[in-house]
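Each chain, letter by letter, is given below.
Protein chains: 2
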Amino acid sequence: MANITEPRTLSGFMELLPDRQVIFDKIRRKLEDVYSLYGFYPLDTPILEYSEVLLAKAGGETEKQIYRFNKGDTDLSMRFDLTVPLAKYVAKNAGELTFPFKRYQIGKVYRGERAQKGRFREFYQSDIDIIGDGELSLVNDAEIPGIIYRIFTELGITDFTIRINNRKVLGGLFELFGLGGNEAEVLRVIDKLEKIGGEAVKEELSTLGIDMKAAGELLELLTHKRSNTETIETLRAMAGKSELLDEGVNELATVTELLSGFGVPDKNFRIDLTIARGLDYYTGTVYETMINSHPEIGSVCSGGRYENLAGYYTNRKLPGVGISIGLTRLFYVLNENGWLCESQKYPSQVLVIPMGDDYARAIEVSQYLRDKGISTQIYFEKKKFKARIGYADKLSIPFCIFIGEDEIKEGNVSLKNMTDGTQEKYSLEDCAATIRKALEDLGSTALVKSL
Amino acid sequence: MANITEPRTLSGFMELLPDRQVIFDKIRRKLEDVYSLYGFYPLDTPILEYSEVLLAKAGGETEKQIYRFNKGDTDLSMRFDLTVPLAKYVAKNAGELTFPFKRYQIGKVYRGERAQKGRFREFYQSDIDIIGDGELSLVNDAEIPGIIYRIFTELGITDFTIRINNRKVLGGLFELFGLGGNEAEVLRVIDKLEKIGGEAVKEELSTLGIDMKAAGELLELLTHKRSNTETIETLRAMAGKSELLDEGVNELATVTELLSGFGVPDKNFRIDLTIARGLDYYTGTVYETMINSHPEIGSVCSGGRYENLAGYYTNRKLPGVGISIGLTRLFYVLNENGWLCESQKYPSQVLVIPMGDDYARAIEVSQYLRDKGISTQIYFEKKKFKARIGYADKLSIPFCIFIGEDEIKEGNVSLKNMTDGTQEKYSLEDCAATIRKALEDLGSTALVKSL
Numbered sequence: 001m002a003n004i005t006e007p008r009t010l011s012g013f014m015e016l017l018p019d020r021q022v023i024f025d026k027i028r029r030k031l032e033d034v035y036s037l038y039g040f041y042p043l044d045t046p047i048l049e050y051s052e053v054l055l056a057k058a059g060g061e062t063e064k065q066i067y068r069f070n071k072g073d074t075d076l077s078m079r080f081d082l083t084v085p086l087a088k089y090v091a092k093n094a095g096e097l098t099f100p101f102k103r104y105q106i107g108k109v110y111r112g113e114r115a116q117k118g119r120f121r122e123f124y125q126s127d128i129d130i131i132g133d134g135e136l137s138l139v140n141d142a143e144i145p146g147i148i149y150r151i152f153t154e155l156g157i158t159d160f161t162i163r164i165n166n167r168k169v170l171g172g173l174f175e176l177f178g179l180g181g182n183e184a185e186v187l188r189v190i191d192k193l194e195k196i197g198g199e200a201v202k203e204e205l206s207t208l209g210i211d212m213k214a215a216g217e218l219l220e221l222l223t224h225k226r227s228n229t230e231t232i233e234t235l236r237a238m239a240g241k242s243e244l245l246d247e248g249v250n251e252l253a254t255v256t257e258l259l260s261g262f263g264v265p266d267k268n269f270r271i272d273l274t275i276a277r278g279l280d281y282y283t284g285t286v287y288e289t290m291i292n293s294h295p296e297i298g299s300v301c302s303g304g305r306y307e308n309l310a311g312y313y314t315n316r317k318l319p320g321v322g323i324s325i326g327l328t329r330l331f332y333v334l335n336e337n338g339w340l341c342e343s344q345k346y347p348s349q350v351l352v353i354p355m356g357d358d359y360a361r362a363i364e365v366s367q368y369l370r371d372k373g374i375s376t377q378i379y380f381e382k383k384k385f386k387a388r389i390g391y392a393d394k395l396s397i398p399f400c401i402f403i404g405e406d407e408i409k410e411g412n413v414s415l416k417n418m419t420d421g422t423q424e425k426y427s428l429e430d431c432a433a434t435i436r437k438a439l440e441d442l443g444s445t446a447l448v449k450s451l
Numbered sequence: 452m453a454n455i456t457e458p459r460t461l462s463g464f465m466e467l468l469p470d471r472q473v474i475f476d477k478i479r480r481k482l483e484d485v486y487s488l489y490g491f492y493p494l495d496t497p498i499l500e501y502s503e504v505l506l507a508k509a510g511g512e513t514e515k516q517i518y519r520f521n522k523g524d525t526d527l528s529m530r531f532d533l534t535v536p537l538a539k540y541v542a543k544n545a546g547e548l549t550f551p552f553k554r555y556q557i558g559k560v561y562r563g564e565r566a567q568k569g570r571f572r573e574f575y576q577s578d579i580d581i582i583g584d585g586e587l588s589l590v591n592d593a594e595i596p597g598i599i600y601r602i603f604t605e606l607g608i609t610d611f612t613i614r615i616n617n618r619k620v621l622g623g624l625f626e627l628f629g630l631g632g633n634e635a636e637v638l639r640v641i642d643k644l645e646k647i648g649g650e651a652v653k654e655e656l657s658t659l660g661i662d663m664k665a666a667g668e669l670l671e672l673l674t675h676k677r678s679n680t681e682t683i684e685t686l687r688a689m690a691g692k693s694e695l696l697d698e699g700v701n702e703l704a705t706v707t708e709l710l711s712g713f714g715v716p717d718k719n720f721r722i723d724l725t726i727a728r729g730l731d732y733y734t735g736t737v738y739e740t741m742i743n744s745h746p747e748i749g750s751v752c753s754g755g756r757y758e759n760l761a762g763y764y765t766n767r768k769l770p771g772v773g774i775s776i777g778l779t780r781l782f783y784v785l786n787e788n789g790w791l792c793e794s795q796k797y798p799s800q801v802l803v804i805p806m807g808d809d810y811a812r813a814i815e816v817s818q819y820l821r822d823k824g825i826s827t828q829i830y831f832e833k834k835k836f837k838a839r840i841g842y843a844d845k846l847s848i849p850f851c852i853f854i855g856e857d858e859i860k861e862g863n864v865s866l867k868n869m870t871d872g873t874q875e876k877y878s879l880e881d882c883a884a885t886i887r888k889a890l891e892d893l894g895s896t897a898l899v900k901s902l
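Line by line, the protein sequences are chains A and B.
With this note's numbering as the guide, the letters of the first sequence map in order to residues 1 to 451.
With this note's numbering as the guide, the letters of the second sequence map in order to residues 452 to 902.
Worth double-checking, as some hints may not be accurate.
[Stated by the list, open to error] One side of the interface only, derived from the structure: several residues of chain A facing chain B at Cβ under 8 Å:
#1 Thr9
#2 Glu96
#3 Phe177
#4 Lys386
[To be verified] Restricting the straight-line Cα-Cα distance to at most 30 Å, the calculated cross-link-like pairs of lysine-lysine (DSSO-like) are:
#5 A:Lys317 / B:Lys835
#6 A:Lys372 / B:Lys718
#7 A:Lys92 / B:Lys833
#8 B:Lys477 / A:Lys92
#9 B:Lys543 / A:Lys345
#10 A:Lys30 / B:Lys823
#11 A:Lys30 / B:Lys481
#12 A:Lys437 / B:Lys888
#13 B:Lys481 / A:Lys26
#14 A:Lys437 / B:Lys768
#15 B:Lys543 / A:Lys384
#16 B:Lys522 / A:Lys117
#17 A:Lys409 / A:Lys437
#18 A:Lys386 / B:Lys768
#19 B:Lys515 / A:Lys71
#20 A:Lys372 / A:Lys386
#21 B:Lys664 / B:Lys653
#22 B:Lys823 / A:Lys92
#23 A:Lys317 / B:Lys796
#24 B:Lys835 / A:Lys92
#25 B:Lys522 / A:Lys71
#26 A:Lys382 / B:Lys543
#27 B:Lys543 / A:Lys394
Rather than coming from a laboratory, the hints here were simulated on the basis of the structure.
Note that CB positions come from ideal geometry on N, CA and C, so glycine has one too.
Using the sequences and the hints given, assemble the complete structure.
What follows is the structure in structure tokens.
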């Protein structure tokens, strides 16, 4: 070939090697499994939409990052999140949907951000939302952290905290402190707490219309460490001063009470009055999820309650609650830090190696194992033995089965456990049972090392 | 809201309602399960690539259909198939891959074709390929139909035929008939056989340099119905006349012999010498898969053996064999014809309905069922009983559990089988067992009606 084009991949576009991709996909499927266990429908929407539809709401930073272009006369954009497509979908199909509508979507989204290590221009988001028609029970707000808890523990992450707050509580407090009109700005300042520290936040707050003393009191109220019960009590002590505050406190208390029923232990859950989730979008419960030993990663799973999903597309009021995992970013962090379970990176549990040219028995053995649900591949290439076993080694396949003349004559197989190096002859039936038992003994299906 | 944007979806972009999407996703996961069972790695590549890379080989029709645009200074294109990204990936990462490299990829591709019923501009392809380094055993060519057989039968499709041919056989025959130089054109003519009929094909062949008599003999040879054994015998009878033909016949005979070992019954497999797969790309075995009762659909799964995957990106010779399912198109056809199993369209197996305001027990029951692997959702909204049970009805959820004051007091649950209408009280443990047994009795996990 005269002309060779260099096979490059765009920067900011994650393209994994096989032994990473196989773990990524196991994580993706684990998310699908858990969402399905709670009765969420899967949803899939186009990656391309009319720009007019996709950008009905967007502006500023988001719009600059969009991949937008014309094809013929049509102005097209690639989706930059899964929320706008959901809003479009629900507004478009409202007449045919049954509410509450519970859906998950795991899909790629596109943002032309400045290229930077750990920043992606194409990345997976993994979203769940529950959408009501006109109204939606608060109990849904308590179920969401239950789902997140199951996902993280099933992945193998145990030392994490789901932080919860309620925007009405914040709004009520700002009212009481005379910051009512500036809510969006106050939230932006509070959101910077971990970055710039308490003093700087107080200074910024005081420029919004309260004195340093009041700013200090507000900050103390928001940031002082209390148990969940103490936080609720502290807030209840302010009852009767702001309807909004009272409503928020009742919601927060209800969600907190229901949480343990949904299986979330106290240690994995904390009311944190500083959480605001910068957006104007959320109106009630808000969530963030931190890996305790690594707060520097930031929230790995965030969301909340909103009053109206699709106001840009329909007059129908569609309140909802949802949460999003930045799957590509989470995977990147887990991988960079060496936190993925390397024992999970094999593409199949068994490699069958025919020792001669007779493949019939090797094929028969493989079919038998597959029918038992054991993933199996056969090495068909005419290579030296070392290359054959080396293939299993390089792919981290936990079991090899050798089929030579003896095994064919005797009707058995030689099974090698690649982890401990032991090798023994078995009947086909015992071989399958031995593999199955060994895989069970390996036990954990965790994909992430204990964090 | 003053400005309402109409929530439209681009034409040619499939966006399914929830009860269709849930079946689509079960089909997608079934494909993933089977590919994994054979030890294929999952692969995921970007949807956007440098145009220069993606279009290194393309030309003509393909290039016109591409979604191509500039972002800043970068000339970008959306992938139009999964083969070019695979070639790029393997060339780019050849040093880090272990060969043979077996991967599957299920992903969206983009072609700006003329909008037309049943034609999609965004659609899923589901590809598997086995790539060798320098060489690749022919046995792989026999494994591929084994995988296809398992996928179709597990989906519920049983009456289908995998048609197999070998391009070397065709090439050899064309040589013998003096059509050697015009191979590509001859293939294009033969490919039209089902569309334009034998006489028209003969006429067109005769314009390529042979007389009508020879054209008739060639056509008879290619199209006469024979058993697989007879076809091999007919071809063997011509041995010694063309090296290419002999090589092709040997390959075809070997693949045929191995196939039953890979679990493909005779009735699901047929040598068909008319299959050419129009492309210049294939060099050996070629496959097509037809649903017998509906030949008008065309091949639902096609592929073959190629000599060199990535000649445009590397000097390394990378032969392979692969097959592709046009998943979106297949799903569209199954759905349009009413061939999907409607019993599979529920988002969860159980709906728990709290009859009063006490959700604690409902949550406890749901958690118990989920821990047993039974997908369960709870109806939290304050609606009349009719609306609650109507929700289960509309979502085709097969079981409802009612939890009222009596059930809470007695520590049991009322289980309603929505299929037969029966309702009984059970302990939680018996309830789970009853659901599990009933789901097992429903038996089939087929997603497609028997075709």
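Which hints from the list above does the structure break, by number from lowest to highest? Result: hints 3, 4, 14 and 22 break, sorted rising.
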